[in-house]
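A.B. asks: Chain residues, written in single-letter form:
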Amino acid sequence: MAGSADRLLVAVTGLDRPRLIALVLSALAGTAAGLLLPGALAAAVDAVVAGRPSLPEVSWLLTLGVTEILVGLIGGILSARMTSSVTAWLRRRLADHYLALGTRSKFADGDAISRLTGDCTGAGLVASVVVQLGSTTLISGGSVVLLAVMDWRLALVFLGSIPFALMLARTHLKSTADDVLTYQRVSGELAARMVDAVAGLRTIAASGTADREAERVLLPLPKLSLAGRGMWRTQARMVWRSGLLLPAVELAVLAAAGFGVLEGRLSVGQVLAALGYVALGMGLVTQIPLLTTLSRARSCAHRIIEVLRSPVPEPGTLGVVPGRGTLELRGVTIEGALRDVDLVVQGGRFTVVVGRSGAGKSALVNVLGGLLQPEEGTAVLDGRPLEKLRPYELRAVIGFAFERPALLGATIGDAVGYGSWAGEAAVRAACQSAQVDDLIVRLPNGYRTPLSETPLSGGEAQRIGLARAIAHAPRVLILDDATASLDTVTEAAVEDAIERTLPGRTRLVVTHRAATAARADAVVWLEDGRVRAVGTHEALWRNPAYQAVFTGSLEGAT
Amino acid sequence: MSVWGLYRSALAGQWRGGLVLLACSVLESAPAFLSGRLVELAVDEGFAADRPGTGLRWLAVFGLVAVIGAVGSRLVWNQLGKVVEPLRDALVSAVVRGVLHDPSPPRNQPDASGVARITQHVEVVRDATAGLLVQARGMVVTTVAALAGLFTVAGSLALIVAIPVVVSVLVFACLLPSLARRQRALALADERTAEVAGASLSGMRDVVACGAEPLAALELYDAIDIQAKAAVRVARSGAARAVVIAAGGFVPLLVALLVAPRMVADGVLTAGAALGALVYLATTMQPALRGLAATASTVVLRLIVALRRLAETAEAEPEPDGTAEPEGTALYVRDLTFSWGAAAEPVVRGLDLHLRRGERLAVVGPSGIGKSTLAGLLTGMLEPQAGRVLLGGAPVREVPSALRHRMVALIPQEAYVFAGSVRDNVGLFAHSATDGELRAAVAAVGAEPLVTRLGGLDGEIGHGTLSAGEAQLIALARVFASDAGVVVLDEATSHLDPPAEARAERAFAERGGILIVIAHRLTSALRADRVLVMDGKETALGTHLELMDRSTRYAQLMHAWAPRLPQPGAQFFQRAPE
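The listed protein sequences correspond, in order, to chains A and B. Residue numbers for the first sequence follow the working numbering, so the first one is 77 and each next one is one higher. Residue numbers for the second sequence follow the working numbering, so the first one is 88 and each next one is one higher.
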């Protein structure tokens with residue numbers, strides 16, 4: 077996996093080749109200017125110390141300095157551009173993959189979001205970090221060469237310190253990666269706990285237990301603190317060692333340079349230049365935090381790869397055949413929900429699914445509508461297996477409304493028209509059918525009211541979700557307990573409206589209400605993941621166990 | 088809470104650590120202060136004067152100073168964990184408490200992206216603070232030490248070169264606000280990305296069901312692109328400002344190189360002093376200034392933006408606690424009126440209600456009519472505009488909150504279940520309850536099969552592993568096990584099937600105390616002693632049979648629910664058998 081994470085990083089670095097080349101060139105120019113500066117400075121200083129006019133030397137120094145500053149400016153902008161475009165590219169790929177995974181995704185919401193936001197940023201830095209590391213390496217190498225050109229003894233003294241620097245860098249990379257991973261993991265745990273608590277905000281407010289629940293959420297905090305401190309301690313050890321290493325090397329070189337001055341091999345200015353080269357040469361060590369960023373980029377890439385590696389089945393390639401919207405299950409099994417279910421839902425009819433909590437009603441309609449892929453068996457629409465159909469065609473012919481819909485889109489109108497081609501009039505008509513138009517037109521901006529500014533009750537959200545399904549005008553309309561929060565009068569009005577506006581469509585409705593079942597053409601009665609019986613409500617009502625599904629008065633009568 | 092208030096209070100506990108940090112800084116700055124001077128001495132009095140012994144001695148001093156500086160650095164970094172991690176702990180705690188202390192949380196779905204955002208902001212503050220403490224602090228210390236050192240070596244030169252340094256720092260500071268604006272735009276774009284991602288990822292089922300993957304992708308792409316552009320804009324102005332600072336470090340060097348020859352020739356400056364001055368400028372101050380620009384422009388601004396966002400979520404002032412002492416648990420409501428705004432139609436108008444121990448009230452009415460608002464009023468979470476709610480004779484909002492929360496329990500529709508053992512979840516409101524009592528509560532509300540499946544009371548519940556109905560069962564068992572004398576079920580059984588709902592309601596009725604059921608299904612009304620019909624226009628209170636006669640709305644609801652039953656007036660409905 078680590079290898080593939082690195083391959084991903086290599087791939088994203090090469091995405092924008094022209095800009096990468098420009099970045100590398102500017103880094104090279106900066107490197108050259110940086111390497112020449114100490115020499116230029118030495119010449120200027122010698123002029124100063126000798127008390128003679130220093131204009132030519134200073135002009136050369138000026139040229140180099142200006143070059144370095146300008147190249148720094150250009151390189152900074154280029155690397156920011158690359159970072160942001162790589163981040164965006166990774167985010168788009170991740171978004172695509174999440175969407176392709178759809179309901180199969182095994183990543184919790186908060187975790188998935190943090191991969192898209194945080195980890196893509198971390199991995200996006202890779203190009204700029206690598207270029208920076210590369211130019212630091214070049215400068216280090218170049219400064220050793222220039223030191224040798226000035227006086228080979230100095231270079232020899234300096235090189236003696238290089239093995240230490242490399243050793244330091246290696247141990248650092250490993251121990252930081254462990255702490256970083258722990259830190260990220262505990263961070264995720266904390267966020268997941270927070271999501272739990274936010275979901276229970278009303279309970280917490282009503283019971284006055286905010287303090288205690290805060291404690292519960294914060295339980296992993298000490299672990300986070302520990303990992304965090306570990307990261308700083310590692311850094312401290314590093315800085316201490318490198319902090320000593322740099323002056324030690326400086327001293328050694330200075331002493332050697334001092335003897336050079338003594339023997340007349342070096343000028344006073346060259347002592348300063350030697351110091352400059354030592355600083356540049358040791359840049360590799362002082363830039364060690366870059367290695368942390370690089371190791372972070374790698375662990376981020378690892379987390380991105382985890383998502384990209386989740387298998388996405390090939391989408392179907394067949395079109396939907398004309399038909400009445402007959403749905404069929406053949407030997408469908410879903411672990412913990414459905415057991416070897418065979419079922420035919422007649423096209424153009426109103427079918428109701430009933431059963432106790434946990435009988436597998438939602439699983440059944442989700443499989444029938446292609447939201448859930450069965451482990452065994454197939455779901456069929458008008459004679460064609462759902463997994464063989466082109467996804468967008470499938471979605472156009474099967475519409476869903478849920479008990480707790482997630483409403484998406486900027487405004488209420490957008491939320492109703494979400495994913496369909498419904499225009500303003502169609503959206504309005506759908507809302508009238510769903511008995512929610514009255515409510516929407518009383519909002520501050522009607523259909524243009526932003527969704528985020530409209531707190532909706534469960535029942536209101538349900539009706540908007542219904543309107544959304546109706547606006548799709550599908551061949552098959554599946555309502556998964558989607559009228560549970562509506563009173564029975566409103567529910568009946570919705571049903572009438574659907575019958576009027578979408579005549580002859582297959583309607584599949586999960587319900588707990590006997591009155592709804594009584595209006596249906598057929599009732600599918602589920603029990604423990606199996607179809608117990610299919611028939612009319614009237615016929616089934618003779619069975620006390622069936623009655624018990626609705627009334628509760630004959631509990632346990634089977 | 089204000090931005091700086093939050094940061095200050097989070098840092099307040101760290102003043103000792105801060106002082107230690109400052110002390111370490113003095114150690115750390117020693118090499119910067121002495122470097123030029125010592126090089127000057129080593130060359131001037133030692134190597135250039137044919138006295139290598141003296142030169143080496145001065146270099147040894149240089150080494151000693153460097154060791155002191157390195158010790159300082161190590162102490163600084165060690166200290167960093169002790170300052171930054173507690174700061175992060177304090178921020179996380181403040182934010183978590185702030186979010187959880189929201190007295191009237193919205194009924195919307197929980198915002199997972201909001202949580203992710205908060206986490207990110209806290210990390211930004213942590214990193215930024217560390218960056219400031221390490222780099223910016225180090226750079227300031229070094230720059231000041233180098234300038235001070237320069238004064239000791241060549242005072243006349245120092246005055247000339249200090250001017251460009253100060254000017255460039257000032258220009259840089261003046262340019263910061265526009266950079267801050269861009270940084271803020273970037274922060275907003277970051278949030279927008281997280282928000283859009285959060286909406287479509289947590290609503291993935293709906294995205295797929297609507298066949299709206301392309302639309303969701305487009306929205307995400309938009310947010311991602313805007314974010315990328317904002318990032319580039321920030322980098323651009325950041326880089327431009329870095330140039331100002333780089334010039335500020337480079338110009339003094341040039342000035343010194345141009346001016347020094349004359350000063351040396353005039354004998355104002357010795358050659359060694361000139362060298363020392365240039366060492367300060369070239370090897371110490373210039374790099375420090377550049378580093379300062381790099382950190383200040385990004386770190387400070389990121390810090391400000393993240394803090395501003397965090398401050399919005401941090402804890403509000405707690406409401407003062409009452410001192411009223413209720414006697415018994417009877418609930419009186421007198422002439423209660425409440426509306427969500429001055430101009431809005433009241434949700435409840437002039438309601439009178441008296442509930443005694445052992446009574447069971449069902450509240451029915453269309454969704455969105457304000458039944459949950461009534462629950463909020465009865466439990467003292469909301470303040471009415473007029474009228475009173477008395478709990479055991481005392482105004483409910485004046486009963487000390489700890490006592491009130493013990494006496495009154497509300498189970499909302501969206502049940503709260505946290506990752507942990509079943510025992511912790513069920514025993515949340517009943518710390519002293521024995522396992523036997525908890526098991527009895529579990530059995531009473533019909534959660535036994537679920538708890539058995541989870542592995543008994545020791546079973547572990549993960550993040551979001553329970554279905555909505557299962558979570559409701561746990562929430563029901565939890566309140567059942569508590570000693571609340573008033574229980575309000577606000578559609579708390581909405582995800583259960585009717586038999587399970589009936590069983591849970593019956594269990595609460597047999598438990599004693601007052602039971603108020605905000606009805607999800609009309610069967611709840613049949614089981615209640617009295618029914619309150621809320622319909623926006625009228626609120627009617629009575630027994631089921633009375634209301635079938637008196638309230639047309641109620642009769643209409645009942646007949647829509649069971650169409651085969653006779654018309655109002657025919658006294659047909661009986662209490663549902665139990």
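Treat the hints loosely; a few may be bogus.
[Unchecked claim] Label-pair restraints from in silico Cβ distances: (1) B:639 with A:398: 45 to 51 Å; (2) A:528 with B:408: 31 to 37 Å; (3) B:395 with A:91: 29 to 35 Å; (4) B:547 with A:98: 30 to 36 Å; (5) A:576 with B:523: 28 to 34 Å; (6) B:264 with A:239: 45 to 51 Å; (7) B:482 with A:618: 50 to 56 Å; (8) B:395 with A:528: 15 to 21 Å; (9) B:523 with A:179: 38 to 44 Å; (10) A:610 with B:547: 35 to 41 Å.
Read the hints as simulated data drawn from the structure, not as lab findings. Virtual Cβ for every residue (Gly too), placed ideally from N, Cα, C.
A.B. asks: Residue 576 (chain A) and residue 523 (chain B), beta-carbon distance inside 28 to 34 Å?
C.D. replies: Violated: the Cβ-Cβ distance is about 57 Å, outside 28 to 34 Å.
A.B. asks: Hint says 50 to 56 Å; check whether the CB-CB distance for residue 482 (chain B) and residue 618 (chain A) agrees.
C.D. replies: 55 Å, holds
A.B. asks: 45 to 51 Å was suggested as the range; check whether the CB atoms of residue 264 (chain B) and residue 239 (chain A) agree with it.
C.D. replies: Once the Cβ atoms are compared, 48 Å apart, the range 45 to 51 Å for residue 239 (chain A) and residue 264 (chain B) holds.
A.B. asks: Look at the Cβ atoms of residue 547 (chain B) and residue 98 (chain A) and judge whether their distance stays inside 30 to 36 Å.
C.D. replies: 55 Å, violated
A.B. asks: Using the beta carbons of residue 610 (chain A) and residue 547 (chain B), state whether their distance is inside 35 to 41 Å or not.
C.D. replies: 39 Å, holds
A.B. asks: Is the distance from the Cβ of residue 395 (chain B) to the Cβ of residue 91 (chain A) consistent with 29 to 35 Å?
C.D. replies: Check passed, 34 Å falls within 29 to 35 Å.
A.B. asks: Residue 523 (chain B) and residue 179 (chain A), beta-carbon distance inside 38 to 44 Å?
C.D. replies: Given about 41 Å between the Cβ atoms, the range holds.
A.B. asks: How does the Cβ-Cβ distance of residue 639 (chain B) and residue 398 (chain A) compare with 45 to 51 Å: does it lie in that range?
C.D. replies: Because 48 Å falls inside the window, the suggested range holds.
A.B. asks: Can the suggested window of 31 to 37 Å be confirmed for the beta-carbon pair residue 528 (chain A) and residue 408 (chain B)?
C.D. replies: With Cβ atoms ~34 Å apart, the hint holds.
A.B. asks: If you check the beta carbons of residue 395 (chain B) and residue 528 (chain A), does the distance land in 15 to 21 Å?
C.D. replies: 20 Å, holds
Of the numbered hints stated above, those contradicted by the structure are hints 4 and 5, listed in ascending order.
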